[in-house]
Amino acid sequence: MNVLFAVLIIGAGTALIAAIGFIGNLIFDGLSNSLRHKSEEEIRRETEATPYTRLADRR
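Be aware that the sequence shown starts at 15, since it is given in the working numbering, and climbs by one per residue.
Rather than coming from a laboratory, the hints here were simulated on the basis of the structure.
Note that the structure is predicted; figures quoted are calculated from it, not measured.
Heads up, some of the hints might be wrong.
[Unchecked claim] Pair by pair, the computed Cβ-Cβ distance ranges are:
1) ALA20 / THR61: 22 to 30 Å
2) ILE23 / ARG58: 38 to 46 Å
3) ILE41 / PHE19: 27 to 35 Å
4) VAL21 / GLU56: 29 to 37 Å
5) SER53 / PHE19: 50 to 58 Å
6) ARG59 / GLY25: 21 to 29 Å
7) SER46 / LEU18: 49 to 57 Å
8) LEU18 / ARG59: 44 to 52 Å
Think of the CB as a built atom: it goes at the ideal place given N, C-alpha and C, for glycine as much as any other residue.
Generate coordinates for the entire structure from the input sequences, incorporating the hints supplied.
Here it is as structure tokens:
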């Protein structure tokens with residue numbers, strides 16, 4: 015039972031750290047985009063540019 019609680023606490027801590035990192039990354043990306051004064055078109059092009067869309071553009 016103690017092992018179960020230990021695994022549960024470690025898992026919850028890991029999930030919390032991952033969530034904080036994810037939110038921090040979103041905030042940092044938003045700040046860096048606004049600091050560079052990118053146009054909405056440039057930001058849209060970067061967010062849509064996945065390998066799959068690039069492959070579709072070649073056809």
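Quick rundown of the hints versus the structure:
Remark: the range hint 22 to 30 Å for ALA20 to THR61 is contradicted by a beta-carbon distance near 40 Å. Between ILE23 and ARG58 the beta carbons are some 42 Å apart, a value that agrees with the proposed interval 38 to 46 Å. For ILE41 and PHE19, the hinted distance range of 27 to 35 Å is satisfied, since their beta carbons lie about 33 Å from each other. Separation of VAL21 from GLU56 is about 45 Å and departs from the stated range, judged on CB atoms against 29 to 37 Å.
Checked against the hint of 50 to 58 Å, the pair SER53 and PHE19 passes, with Cβ atoms roughly 52 Å apart. Hint check: ARG59 to GLY25, Cβ distance near 38 Å, so the stated range 21 to 29 Å is violated. For SER46 paired with LEU18, a C-beta distance near 42 Å fails the hint of 49 to 57 Å. At roughly 48 Å, the beta-carbon separation of LEU18 and ARG59 lies within the given 44 to 52 Å, and the hint holds.
Hint check: violations occur at hints 1, 4, 6 and 7; the rest are consistent with the structure.
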